[in-house]
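In order, the protein sequences belong to chains A and B.
All letters in the first sequence, in the order written, are residues 1 to 188 by our numbering.
All letters in the second sequence, in the order written, are residues 1 to 226 by our numbering.
To be clear, the hints were calculated from the coordinates, so they are not data collected in a lab.
There may be inaccurate statements among the hints.
Below, in silico cross-link-like pairs of lysine-lysine (DSS-like), each with a Cα-Cα straight-line distance of 30 Å or less [what the hints assert, rightly or not]: (1) 11/A <-> 144/B; (2) 193/B <-> 133/A; (3) 177/A <-> 210/B; (4) 120/B <-> 8/A; (5) 174/A <-> 132/B; (6) 11/A <-> 7/B; (7) 31/B <-> 76/A; (8) 225/B <-> 88/A; (9) 210/B <-> 76/A; (10) 174/A <-> 76/A; (11) 163/B <-> 11/A; (12) 132/B <-> 177/A; (13) 8/A <-> 210/B; (14) 8/A <-> 206/B; (15) 11/A <-> 210/B; (16) 8/A <-> 133/A; (17) 8/A <-> 144/B; (18) 88/A <-> 206/B; (19) 31/B <-> 11/A; (20) 88/A <-> 210/B; (21) 133/A <-> 132/B; (22) 210/B <-> 132/B; (23) 8/A <-> 134/A.
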Amino acid sequence: MGLRLWSKSIKLAMRSRRRFIAFTLMYTVLMIWMTWNFQDFLYGEGEPDVLLLVVSIVSTLILSMLYAWIVINYRKNEIATLKCIGYKNSNIRTIIIGELTWVTFVAFMIMAEALIHITAGTTYFYQQQILDKKISAALYVDNTAPILNIWPVLATLTMFLVSQILGILVMYSKILKLRPIVALRVLK
Amino acid sequence: MPEVMIKLENVQKEFRLRGNIIRALVDINLKINAGEFIVLMGPTGCGKTTLLNVMSGLDLPDDGTVILDGDRIDRASEERLSDIRRRKIGFIFQDFNLVENLTALENVEAVLWPGPLRTKEINNRAMSALAKVDAHERMNNHPKELSGGEKQRVAIARAIIHKPRVLFADEPTGNLHHAAATQVMELLKSLNKEMGTTTIIVTHDKNLVKYGTRLVEMEHGRIIKS
């Protein structure tokens with residue numbers, strides 16, 4: 001039952017095309033940026049730029065909250081209608097969680113794909129530099145993209161999942177408060 | 001003796017609007033038997049939609065008792081009301097309230113998604129409900145591709161897929177032109193006869209009175225004829 005609702009939530013997320021594409025792209029860009037900041041923080045040379053990392057984490061939190069807020073506010077009537085036909089709060093929560101986690105998952109996959117290409121590009125660039133004897137081979141290792149280090153990628157994924165959970169918690173109180181009677185009121 | 005489907009005793013409901021207290025329901029006493037087709041009429045603001053909301057558990061009364069098919073719903077928790085709505089109640093709205101991102105078939109199926117039935121069984125039931133309201137040919141269309149009458153027929157299919165005991169309709173023909181409104185009312189009437197579902201419609205259209213087995217008239221929050 002939960003699995004069926006979850007799969008339907010993916011369908012609903014994909015069909016709200018503009019919102020899905022916009023947030024997937026924003027998540028992807030933010031994930032790449034955060035991974036880079038984690039890479040710099042964990043493996044970078046010299047003093048790590050903590051401020052940049054904090055800014056990327058705060059941005060993720062804000063974006064997750066925004067997405068959760070948009071999902072609930074633009075779909076008030078839909079959620080109220082579902083409540084009218086017998087959906088419990090937990091059913092609605094499953095649908096919303098499904099949508100949010102699907103967007104995160106798709107953005108993560110795009111980010112992974114993008115990082116592989118970025119790594120390939122930077123590897124090619126540094127190999128050329130090494131072959132031309134412009135830099136030493138040791139420097140190449142220090143400047144590789146985050147994909148070669150799993151920890152920044154995992155840290156980013158964890159941060160996104162945590163921020164999604166926060167978004168869902170904020171939103172869940174709104175779902176609880178939303179009364180089915182809204183379905184009759186909204187369009188009148 | 002006929003089975004009582006809905007029973008209201010001394011039901012009161014008030015609203016606060018800009019500091020004024022509006023008595024939406026005043027001392028309502030009403031019994032509706034199983035299988036009846038009730039037309040609830042009255043002028044705008046007389047409290048008929050509030051009464052429908054209270055009878056269906058969408059809104060709780062300030063005072064009084066509401067019993068629906070043996071379940072006391074006037075003090076039930078939201079969780080319990082969801083359960084009652086899922087098993088016993090079907091809703092039809094004036095604005096159809098179909099989910100735009102789902103096809104007609106999926107809109108009907110959606111009622112049963114949280115339940116224990118297998119997906120194939122849900123699909124069969126939804127197709128059968130759509131066939132019953134003569135909307136099966138548009139099952140793969142999204143609501144924006146349907147006319148008002150077709151949307152309302154899909155909404156009716158959604159309301160009957162789980163074989164509810166009571167069907168509540170709030171101005172079901174309010175957004176339809178005359179021909180579509182007649183079709184929808186004929187359909188509701190035939191479903192009432194065929195399935196024996198107790199049907200309660202709220203309207204201010206006097207032309208719809210002929211479809212009901214009983215007319216309930218309201219004025220200033222009171223029932224004046226029942």
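Hints, verified against the model:
| no. | hint | in the structure |
| --- | --- | --- |
| 1 | 11/A <-> 144/B | holds (18 Å) |
| 2 | 193/B <-> 133/A | violated (90 Å) |
| 3 | 177/A <-> 210/B | violated (40 Å) |
| 4 | 120/B <-> 8/A | holds (15 Å) |
| 5 | 174/A <-> 132/B | violated (37 Å) |
| 6 | 11/A <-> 7/B | violated (41 Å) |
| 7 | 31/B <-> 76/A | violated (33 Å) |
| 8 | 225/B <-> 88/A | violated (36 Å) |
| 9 | 210/B <-> 76/A | violated (36 Å) |
| 10 | 174/A <-> 76/A | holds (10 Å) |
| 11 | 163/B <-> 11/A | holds (26 Å) |
| 12 | 132/B <-> 177/A | violated (36 Å) |
| 13 | 8/A <-> 210/B | violated (41 Å) |
| 14 | 8/A <-> 206/B | violated (42 Å) |
| 15 | 11/A <-> 210/B | violated (43 Å) |
| 16 | 8/A <-> 133/A | violated (56 Å) |
| 17 | 8/A <-> 144/B | holds (20 Å) |
| 18 | 88/A <-> 206/B | violated (37 Å) |
| 19 | 31/B <-> 11/A | violated (43 Å) |
| 20 | 88/A <-> 210/B | violated (37 Å) |
| 21 | 133/A <-> 132/B | violated (79 Å) |
| 22 | 210/B <-> 132/B | holds (23 Å) |
| 23 | 8/A <-> 134/A | violated (55 Å) |
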